[in-house]
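Student: Here is what each chain is made of, one letter per residue.
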Amino acid sequence: MPRITIKVDKDLCIGAASCVTVAPETFRLNDENKAYVLDHGQEPGGPTYERTIEVSEEEKENILLSAQSCPTLAVSIFDEAGEQIYPA
Amino acid sequence: MRYVIVGGGISGVSACEVIRKRDPKGEIILVDEEEHPLYSRVLLGAYLTEKIPREKIFLKTEKWYEEQKIEWLRGMRVTALDSKNQCIALSDGREIPYDKLLITTGCQPRFLDQDLRGVSYLRTLDDADHLLQLLHEQGREAKALIYGGGFIACEYLWTFTHDEIPTTILFRGPWFWSQVLDEKSGRMISTWLKKKGVRVVPSAFVEALIGEETFEGVKTNQGVLEGTVLGVGIGTIPELHWMQEAGVKTHEGVCVNASMETNVPGVYASGDIVEFEDPLFERSLVARTWTNAILQGRIAGANMTGGTEYFKTVSAFSMSILGLDAIFIGDTSRDAAEQIVVEGTEETGMVQRFMREGRIVGATLVGRSQNRAFLTKAILELMKL
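Just so you know, the protein sequences line up as chains A and B, in that order.
Heads up: the first sequence runs through residues 35 to 122, numbered per the working numbering.
Heads up: the second sequence runs through residues 7 to 391, numbered per the working numbering.
These aren't lab readings, by the way, just hints derived from the structure by calculation.
Bear in mind the structure is a predicted one, so any value in this text is a computation, not a measurement.
All C-beta atoms, glycine included, are put in the ideal place defined by N, C-alpha and C.
Some hints here could point you the wrong way.
[What the hints assert, rightly or not] Cut-off 27 Å, straight-line C-alpha distance, at most; resulting in silico cross-link-like pairs (DSSO-like, lysine-lysine):
1. A/K94 to B/K31
2. B/K201 to B/K190
3. B/K190 to A/K94
[To be verified] Stretch-level coverage of chain A by chain B, calculated; a stretch enters the list once three of its residues show a Cβ under 8 Å from a Cβ in chain B:
4. 43 to 55
5. 65 to 76
6. 105 to 114
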């Protein structure tokens, strides 16, 4: 199972919620109307804008799609080696 | 199989991606009015306020179109559709046959009758470049007027206040976004804008622009207002004539079902141009958001390649009015609502709930973002709140 790190840039996030629509298990909006990162619907360690999680290939694909759907490019995805996968 | 996509925005490009994945050998032709590779129009504001450099707003490179084997016809428009012979005519006179056609040409800004140097619209990257050029030329002399009370007005508010330009906003309605928002939500926004140093002129109609070649001000029903730059954001309209002439059903946009099919076989539409049948609310909706454009484009792409996907989502629209969040969720048509429940104060934020048959179908939140998740869920489940 691949491990990926997901980061939301809260200064760029405008609460369009595309990521929440595409990957509701991975993103949720907080009271400031900013997206933060979940681990399969859970928040171990509390809400955070950055999280490393283990996902299936299918989940990874969908999370990438959710990042690509962000109109402000506020979501970045990194692989296990710390290489940025998106935005490329 | 030849797929022709008309419109190179996010909806059209999303469709191309899905088509290429599902049909690696199909021929894809993308007719694009723009000269630039796909960029995020939502990021134009961040570019204007120097939050990000210009190159960061691009979502695709020129190479991407080549790699995906997409024949990208840039700077091109469609002038006619012949749905009987399955063919479109282009602005350069060429005719292109199609097996499946997707219309995703979006909307145009509503233009004023007059134009002068200093008048700005904000739809494309070229518009943003033009505005930056104007502001650069005017420097400390700049004095801004904004005409409109919606999303584009917000972008102008951020841009002008970022540059510390004295700013006056005029709306045609009695308050910001008055077609959707109630009086208390509207007053809350006006108070907020005044607190931020913006002069607010409600119920103002621009009757004429003042100036010979260069913009000097506006004549309104409330007198003359002087300025050096005018940002216009008074709504958008889809251009529908070539679809209508070909027998494609239109209303406020191109009418599609939840599969993104028009009434003409083989012709699909998605994104800002459509009015779609919403299975959740059981009526046709116009909801021009980035998320809808992507999702609908993907669904159209899947269905053009033999899929059976449906669009079903609670549309949401979010904007920051100089730091005050306003969010619209679901069906916020005042006409279609049977009852609208307004709650809150300027201190706690305002909520409107749009009700039909005793169930919640839409909501607006001003300065009350914390209720968003709950209300979205309630609308999705059509709860009796």
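Student: Does the stretch 105 to 114 of chain A contain three or more residues whose Cβ lies closer than 8 Å to a Cβ of chain B?
Tutor: As far as the stretch 105 to 114 of chain A goes, the hint holds, because 3 residues have Cβ atoms under 8 Å from chain B.
Student: Take the stretch 43 to 55 of chain A, compare each residue's beta carbon with every beta carbon of chain B, and decide whether three or more fall closer than 8 Å.
Tutor: holds (count 8)
Student: Is the hinted pair B/K201 and B/K190 satisfied, with a Cα-Cα distance of at most 27 Å?
Tutor: holds (16 Å)
Student: How about the stretch 65 to 76 of chain A: do at least three of its residues have a C-beta closer than 8 Å to a C-beta of chain B?
Tutor: Satisfied; 3 residues make the cut.
Student: Check the hint pairing B/K190 with A/K94 against an upper bound of 27 Å on the C-alpha distance.
Tutor: Not satisfied, since the Cα-Cα distance of roughly 44 Å exceeds 27 Å.
Student: Between the alpha carbons of A/K94 and B/K31, is the straight-line distance 27 Å or under?
Tutor: Since the Cα atoms of A/K94 and B/K31 sit roughly 26 Å apart, the hinted pair holds (cutoff 27 Å).
Hint 3 from the earlier list is the only one contradicted by this structure; the remaining hints agree with it.
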